[in-house]
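Trainee: Here the protein sequences come in this chain order: L and P. Using my numbering, the first residue of the first sequence is number 977, and each one after it goes up by one. Using my numbering, the first residue of the second sequence is number 977, and each one after it goes up by one.
Please keep in mind that the hints were generated in silico from the structure rather than gathered at the bench. Check before you lean on any hint, since a few could be wrong.
For chains that are exact copies, the list does not tell them apart, and a pair is met inside one copy or across any two.
[To be verified] Heads up, simulated DSS-like pairs for lysine-lysine below, C-alpha to C-alpha not over 27 Å straight-line: (1) Lys1029 - Lys1054; (2) Lys1069 - Lys1039; (3) Lys1029 - Lys1007; (4) Lys1069 - Lys1012; (5) Lys1012 - Lys1054; (6) Lys1067 - Lys1007; (7) Lys1054 - Lys1069; (8) Lys1039 - Lys1054; (9) Lys1029 - Lys1039; (10) Lys1069 - Lys1007; (11) Lys1054 - Lys1067; (12) Lys1067 - Lys1039; (13) Lys1007 - Lys1054.
Remember, it's a predicted structure, so these values are computed and weren't measured experimentally.
2 protein chains.
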Amino acid sequence: MPGKDDTSVYIGRRPTNNYVLAAMVMLNEGKECVIKARGRAISHAVDVAEVLKNRFMHNVEVKGIVIGTERLAGPDGKESNVSSIEITLCKRK
Amino acid sequence: MPGKDDTSVYIGRRPTNNYVLAAMVMLNEGKECVIKARGRAISHAVDVAEVLKNRFMHNVEVKGIVIGTERLAGPDGKESNVSSIEITLCKRK
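In isolation and in its complexed conformation, chain L is listed as follows (with noise of 0.2 Å):
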C-alpha cells in the first residue's frame, strides 16, 4: 500500500485511485483518514478526497480541512517552506 501509517495517507506520484484505496481500506475499518501532501501533491490530494467521495464512498464526509507550511531540507541542503494539506475524512453517521 502506498505511503501510510495508522490513519494517514500520503499523497505521493503513484495513480489516485492506489490512495483512495488505501483510504477507503481505513474508512471502512471505522478510523477516520487524513489525507496528507505537500507543494505540488496537494492538489492531488484534493483529488484524491473528492473522487473517494462522490465515486466510492457516498457515505463519506469531510470533516476538516488544515493547510500550513513546512520548512524542508532541498537536495542541496538549503531549507526551504513548502504548504501543506490535510483533510480528514469519516464516514456519515
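Once you've looked at the hints, dock chain P against the given chain L.
Mentor: Using the frame of chain L, we list chain P on its own:
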C-alpha cells in the same frame, strides 16, 4: 489586477505575489477574501494563503476551506471533472 470579482481572488499562472497583493487589498478594506482555484492551481492557492498569513499579514486567519468538483468542457468539447478549492481568509478581530 489578476482575475478577481469583489471578494474573490482566482488563482492562475501569475507569480504568487500578484495574488497575495490582490488579497491584501481586500482584507485591508475590511472585506473577507476568498482564494479560489481549480486543478493544478490548487497547490498554488495554498501557497498564496500561507505566504500572505506567514510573511505579510500576521493578523489574518483561515476562516474556512471548502473543496469540491466542477464539470468543465475541455478544448475538445468533452466534459471532465476538475477539483476545486475555496480558502476564505479574514482578519482576526
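Trainee: Indicate, hint by hint, whether the structure satisfies it.
Mentor: Here is what the structure says about each hint:
no.: 1; hint: Lys1029 - Lys1054; verdict: between (38 Å within a copy, 23 Å between copies)
no.: 2; hint: Lys1069 - Lys1039; verdict: both (12 Å within a copy, 25 Å between copies)
no.: 3; hint: Lys1029 - Lys1007; verdict: within (16 Å within a copy, 32 Å between copies)
no.: 4; hint: Lys1069 - Lys1012; verdict: within (23 Å within a copy, 30 Å between copies)
no.: 5; hint: Lys1012 - Lys1054; verdict: within (23 Å within a copy, 31 Å between copies)
no.: 6; hint: Lys1067 - Lys1007; verdict: within (9 Å within a copy, 35 Å between copies)
no.: 7; hint: Lys1054 - Lys1069; verdict: neither (46 Å within a copy, 37 Å between copies)
no.: 8; hint: Lys1039 - Lys1054; verdict: neither (35 Å within a copy, 32 Å between copies)
no.: 9; hint: Lys1029 - Lys1039; verdict: both (12 Å within a copy, 23 Å between copies)
no.: 10; hint: Lys1069 - Lys1007; verdict: within (12 Å within a copy, 36 Å between copies)
no.: 11; hint: Lys1054 - Lys1067; verdict: neither (41 Å within a copy, 33 Å between copies)
no.: 12; hint: Lys1067 - Lys1039; verdict: both (9 Å within a copy, 24 Å between copies)
no.: 13; hint: Lys1007 - Lys1054; verdict: neither (38 Å within a copy, 37 Å between copies)
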